[in-house]
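First to last, the sequence lines map onto chains D and H.
First residue of the first sequence: 1, per this note's numbering; consecutive thereafter.
First residue of the second sequence: 143, per this note's numbering; consecutive thereafter.
Don't take each hint at face value.
Stated by the list, open to error - Coverage of chain D stretches by chain H, computed from C-beta distances (three or more under 8 Å per stretch; other residues unrestricted):
# : region
1 : 70 to 82
2 : 100 to 113
3 : 123 to 130
Claimed, not checked - Calculated Cβ distances over 12 Å to all of chain D for the following chain H residues:
# : residue
4 : T167
5 : E228
6 : L249
7 : V330
Stated by the list, open to error - Part of the chain D face toward chain H, derived, beta carbon under 10 Å:
#  : residue
8  : P39
9  : P96
10 : V138
Derived from the structure by calculation, the hints contain no laboratory data.
Note that the Cβ used here is the ideal one computed from N, Cα and C, for glycine as well.
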Amino acid sequence: MLIEELKTKIRWANREVWVKGNLDAMDELYHADCVLHSPPLPDVRGLDAVKEHVAGIRSAYSDAQITYAEMLGEGNRIVYRYTWRARHTGQSQTLPIPPTGKEVGMAKCVAVRIVDGQIAEEFEYADYMGFLQQLGVVPPLG
Amino acid sequence: MSDTPENTTQQPDYLSYLLRLWRMTGETVAWRGSVERAQTGERLGFGSLDALFAFLREQTGLMSGTEGAQSPAEQRKGERRMSLEEMKAKIRWAGEEAWLKGNLDALDDVYAANYVWHRPPFPKTSGIEAVKESIEGMRSAYSDIQFVYEQMVGEGSTIAYQYSMRAKHTGVTPTMPIPPTGKEVALVGCVVVRIEEGKIIEEFEHSDYLGFLQQLGVVPPLG
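The task is simple: from the sequences and hints, build the whole structure.
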């Protein structure tokens with residue numbers, strides 16, 4: 001039952017954070033010393049640093065929307081897939097290019113490890129390659 | 143103990159084994175195991191931990207003496223969990239056979255012939271041949287391949303797992319025609335598969351292809 005509660009919390013927090021920009025929604029769900037792995041970006045350590053990281057990304061986009069595919073859990077792990085869509089209207093540190101005004105989307109798969117009812121570790125696998133191709137930063141392959 | 147009846151049948155509530163595990167090192171590292179029944183001294187050997195676990199599951203979960211002890215709903219739940227565990231073991235086995243040994247036919251046991259593979263940013267492909275070609279292509283371009291499955295998560299008819307693959311880039315793939323760099327590279331990702339009738343019918347692979355191509359020098363670092 002705990003897993004079902006956590007799933008609900010994750011959905012709620014993601015919407016608060018990514019859509020509304022309410023970063024404090026992460027406080028209850030994440031350990032203070034959580035680690036975010038989002039390859040190929042460097043690991044982010046500690047909730048404060050994670051919030052800063054998210055705020056940095058959010059500053060470059062507007063009209064963010066998230067759409068869930070499946071979410072599954074077993075033991076101390078939850079895995080879910082979702083699509084993030086937004087308009088590229090600003091500039092972020094992770095991607096220092098001028099705003100393109102383009103509508104972009106990114107497919108993501110997230111795996112979290114739960115310790116004492118909170119997220120201790122989050123692995124985010126996002127299609128940064130396809131994303132940069134949409135923005136015209138990286139040419140299509142092949 | 144001389145009055146112990148000779149025809150003692152196994153007690154469904156209590157089982158006792160001496161467990162032995164040993165590691166084989168060869169082309170790949172593998173664990174072998176055996177169990178010895180404490181009551182009879184009978185010894186059974188297993189070629190893999192998965193086979194050993196499957197035996198223990200069978201002994202504890204499917205033993206005839208437990209029938210009727212669970213409600214039908216609990217039994218159905220137990221069976222579903224069992225088949226998910228079997229499916230996880232099958233996925234691991236087939237992946238290792240295919241990636242490490244080049245035994246692509248092992249995939250036939252796990253993938254439905256008409257399965258669909260989503261692998262952004264690459265186009266969606268269908269059919270088991272697509273996954274065979276991809277693994278064959280990677281195996282022709284990379285050597286010293288190591289493939290590690292992380293803990294698998296299963297619920298309902300869906301299984302998810304993180305993986306990491308490490309290898310040396312020593313050849314050319316049809317999909318990425320660049321000369322061998324000799325570099326040690328790693329690809330990490332998370333895969334979600336949908337199971338129908340004991341086979342994977344749909345797979346969503348989310349891998350760090352940007353990082354992979356950056357390691358190969360095909361795409362420059364950002365920032």
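Quick rundown of the hints versus the structure:
no.	hint	result
1	70 to 82	holds (count 9)
2	100 to 113	holds (count 5)
3	123 to 130	holds (count 7)
4	T167	30 Å, holds
5	E228	15 Å, holds
6	L249	22 Å, holds
7	V330	6 Å, violated
8	P39	4 Å, holds
9	P96	6 Å, holds
10	V138	6 Å, holds
The structure shown violates just one earlier hint, number 7.
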